[in-house]
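Kindly produce the complete structure, drawing on both the sequences and the hints.
2 protein chains.
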Amino acid sequence: MTVATALAQYNALQSKLSAYNHAMSLIFYDGATTAPKKTADNRAHALSVLSEESYRLTTCEETVSLLEFLDAHREELSQKDRRSVELSLKDIRELQKIPMEEFVAYQELLVKADDVWHDAKENNDFASFCPILEEIFATTVRFATYCAPEMHPYNYCLGKYEDGLTMEQCDAFFAALRQKIVPLIKRITRAQQLDNACLHGHFDVSSQEKFARALMRVMGIDEGRCGLGTTEHPFTTSIGSHRDVRITTNYSEEDFSSSMYSVIHEGGHALYDMNSADDLAYTNLDGGVSMGIHESQSRFYENLLGRSEAFVAHIYPDVVACFPEQMKGYTAQDLYRAVNRVEPSLIRVEADEVTYCLHVMVRYELEKRAVSGELAVRDLPTEWNRLYREYLGVEVPDDTHGVLQDSHWSGGGIGYFPSYALGSAYGAQLLAKMKQSVDVDACLHAGDFAPINDWNREHIWKYGCLIKPGELLESALGEPFDPTYYTDYLEKKYSELYSL
Amino acid sequence: MTVATALAQYNALQSKLSAYNHAMSLIFYDGATTAPKKTADNRAHALSVLSEESYRLTTCEETVSLLEFLDAHREELSQKDRRSVELSLKDIRELQKIPMEEFVAYQELLVKADDVWHDAKENNDFASFCPILEEIFATTVRFATYCAPEMHPYNYCLGKYEDGLTMEQCDAFFAALRQKIVPLIKRITRAQQLDNACLHGHFDVSSQEKFARALMRVMGIDEGRCGLGTTEHPFTTSIGSHRDVRITTNYSEEDFSSSMYSVIHEGGHALYDMNSADDLAYTNLDGGVSMGIHESQSRFYENLLGRSEAFVAHIYPDVVACFPEQMKGYTAQDLYRAVNRVEPSLIRVEADEVTYCLHVMVRYELEKRAVSGELAVRDLPTEWNRLYREYLGVEVPDDTHGVLQDSHWSGGGIGYFPSYALGSAYGAQLLAKMKQSVDVDACLHAGDFAPINDWNREHIWKYGCLIKPGELLESALGEPFDPTYYTDYLEKKYSELYSL
Chain P
350 MTVATALAQY NALQSKLSAY NHAMSLIFYD GATTAPKKTA DNRAHALSVL SEESYRLTTC
410 EETVSLLEFL DAHREELSQK DRRSVELSLK DIRELQKIPM EEFVAYQELL VKADDVWHDA
470 KENNDFASFC PILEEIFATT VRFATYCAPE MHPYNYCLGK YEDGLTMEQC DAFFAALRQK
530 IVPLIKRITR AQQLDNACLH GHFDVSSQEK FARALMRVMG IDEGRCGLGT TEHPFTTSIG
590 SHRDVRITTN YSEEDFSSSM YSVIHEGGHA LYDMNSADDL AYTNLDGGVS MGIHESQSRF
650 YENLLGRSEA FVAHIYPDVV ACFPEQMKGY TAQDLYRAVN RVEPSLIRVE ADEVTYCLHV
710 MVRYELEKRA VSGELAVRDL PTEWNRLYRE YLGVEVPDDT HGVLQDSHWS GGGIGYFPSY
770 ALGSAYGAQL LAKMKQSVDV DACLHAGDFA PINDWNREHI WKYGCLIKPG ELLESALGEP
830 FDPTYYTDYL EKKYSELYSL
Chain D
350 MTVATALAQY NALQSKLSAY NHAMSLIFYD GATTAPKKTA DNRAHALSVL SEESYRLTTC
410 EETVSLLEFL DAHREELSQK DRRSVELSLK DIRELQKIPM EEFVAYQELL VKADDVWHDA
470 KENNDFASFC PILEEIFATT VRFATYCAPE MHPYNYCLGK YEDGLTMEQC DAFFAALRQK
530 IVPLIKRITR AQQLDNACLH GHFDVSSQEK FARALMRVMG IDEGRCGLGT TEHPFTTSIG
590 SHRDVRITTN YSEEDFSSSM YSVIHEGGHA LYDMNSADDL AYTNLDGGVS MGIHESQSRF
650 YENLLGRSEA FVAHIYPDVV ACFPEQMKGY TAQDLYRAVN RVEPSLIRVE ADEVTYCLHV
710 MVRYELEKRA VSGELAVRDL PTEWNRLYRE YLGVEVPDDT HGVLQDSHWS GGGIGYFPSY
770 ALGSAYGAQL LAKMKQSVDV DACLHAGDFA PINDWNREHI WKYGCLIKPG ELLESALGEP
830 FDPTYYTDYL EKKYSELYSL
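Chains as they are written, first to last, in our numbering: chain P, 350 to 849; chain D, 350 to 849.
Among the clues, some could well be false.
One copy or two, either will do: identical chains are not told apart, so a pair holds if it fits within one copy or between any two.
Claimed, not checked - Within a straight-line C-alpha distance of at most 25 Å, the following computed BS3-like cross-link-like pairs (lysine-lysine) qualify: (1) Lys535 to Lys386; (2) Lys387 to Lys559; (3) Lys811 to Lys387.
Hints were generated in silico from the structure; no laboratory data involved. Quick caveat: nothing in here was measured; it's all calculated off a predicted structure.
Written out as structure tokens, the structure is:
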């Protein structure tokens, strides 16, 4: 075998695997958006076959020897091929440690879990979801032990979403945030509260959808390659490659800002995914490199841009055009203040920027303890409610507005939540760096996202998974990560808003 | 190998293939309903990989020897397994005759063709579609020659949709219809025309969708297993098994009856597909047995039931509830007469029952000549327009309302059209038989489809592909097929309506 023939085989394999990913992502997306209600078992059947086949292709002897051959010749490979092989080998060495039947059974379990979670959330019925959630936690721990027996299983979970992240780092990071955020919230609580009445009323779904599409256009999202769907919990997924991306949202008829900011958030994910360099399509380097970096983009657009005075001023006429009756008598400044009102609340995805990280901390604490075996899954609701009381000072009325609100656990995403807080902090530092060369406020005022998107494309998006997340971030920032950019940003913005 | 182990292997293979079918149907459905506009190439990539893999599984040596082993032991198999093996062998022997690269390239071509056809139809631009349509016709002829060199290629095409059907039979069948229908149309043209003003006005899409769902419920379609989407051209597809079926419709804001009857038509297909015996799921016996039988069900619900006086009387209050303003002053009898107005027109899917078969005859003539090499694909528009003038007496204003109106050719469905006419005729004879034991009119008056659906399930649906279409039809009818049931039905119904 020559390196050239091996590479050709490897590329063909990658291309094949991306077709399986296409099918599986689409089946998942269909289940969340369009599929009739009683078809989960039918989807589970197809997914189990396809994931088994994809697993077999990924781990079969032929693939392993191909990868080992290429790895042995790594010096002769381009940077791109070297990185791709390195990531494949990493994946394969992990997958090999998980018995195939268990891997396939877990995929099937997740499909069913999604369905059970939806019903449980709708009916405020944690008990019906508990057994399947127990199985998800148990499998997560078992797989972590298979893959990295030397590691604490929760560190393994964290590392899946942010390479190298540990509980120690998270503890330190969250402590730093808490030290600044908790006193800030106290000062805000004592100040004159911001009014957000303009967000409330009746907003019909079709006007909201029209507005959502307007937001996507302003953000510079190519609608020819990015769809918009409706789901219980908003998410973004690529279908097979960065050439077809879907975002979803959920419309609240009582508050248009809920879908507005979920569209901007998912739109940030979509921009990142859609803007991998085109030659990364159908390889394992296509799309975002880690969930921390991913959330740095989504929360960048959602908050740092989307809740800025300049952007709100720009988008205000669109809001008025879509909701003329409801916005009567409210100025752009009213809207800016409304979307930045700070108020400890129940739902993470609707939380303001200041209290948001406290929502994440609750989940982090619970996951950490559940994975460590210190907390039984059946006790999650009680502990959830206790921590919401302790961290946010709110009483959780029911599990629908508590432990059942997020789709992450039912999707197996244990260890994901810290990415949101990390991403928020990355984003603040990225914005500071971007402002050295781009007049961000002027762009937002003008609704011209091109210079902002260009900066992100050049420094982050185009690389896909070519560069490790830590290196990518540091190279974009030009300095090490420092969460004080984020806490300073929050202090400054909210001191002004609340005249502290 | 024992028969038992061979059967276990065979069932595993069938189950695997159905997962590939699930993925491919869903990718197609997504492309037609939901996918962003510029993603056809991305879908083509995934489909080419999946269809190649499915082709490989179907035709590999291992599968062939397995099937030959089972075929050699056919006497030991259950009727179900015997029929399944027989169909698989038939497919495989055909597929083996088509070089794999050509098969895969054709699947990719069809994905692109769908996109090109949509744009061509939208822009009245046959020229942009012509090269790809030429390729589709050429490939159809080439594949027919590979598979059945002894046969006229168009007979091979016809047989794909209705086992054993030939041009000779079609010619005779259409001649019989023409002999009765053409004079009937002449008598109708001389009579007092029926008024259909109540169908026209402005009907918003969301009310039409609400009405479509009401129709599905009345028809006894389980919405938990049957979705409703929106597409350019309505269709029905199973997703992996009869446990998940999707129908689509197209809403005309000027005429609600267009989507109404497409929903009932596709609903008939869906009922057939959804009601295969449950143990046929994930086998090649799941779903309808031929397109002629399929259309006998769809056109049965659409016309024989859906345009009957009894059904229109039953559904009238729902129409009024959805479109109260537009229906003001119109009675159920007005609606009945409106949906049965006979008028030679341009669009097949909107044609009345009497002229419908003439639309089919145009397509049949053109396909037959194009496949035979007597007509160049580039000349289809001119010939289309000429035949519409000759058969229907209408002038085709542009290709959007002419040769580009249907999706069948862009989907490779050459030879499909005659099924519509055959199905219509099968349906009339089935209705006559059903009426011997079911009081169909009383059921329709009461909106109680259960006894009708039960009859169809017992006599047709539950068999899936267990029985050959000809045998299935004759066993349901209790006598040979006879198109005079259909022409008699048309004569009687329209003589009454038009007081001939």
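Comparing the hints with the structure gives:
1. Lys535 to Lys386: Neither: 45 Å inside a chain and 49 Å across chains, both beyond 25 Å.
2. Lys387 to Lys559: between (30 Å within a copy, 20 Å between copies)
3. Lys811 to Lys387: Close across copies (20 Å), not inside one copy (40 Å); limit 25 Å.
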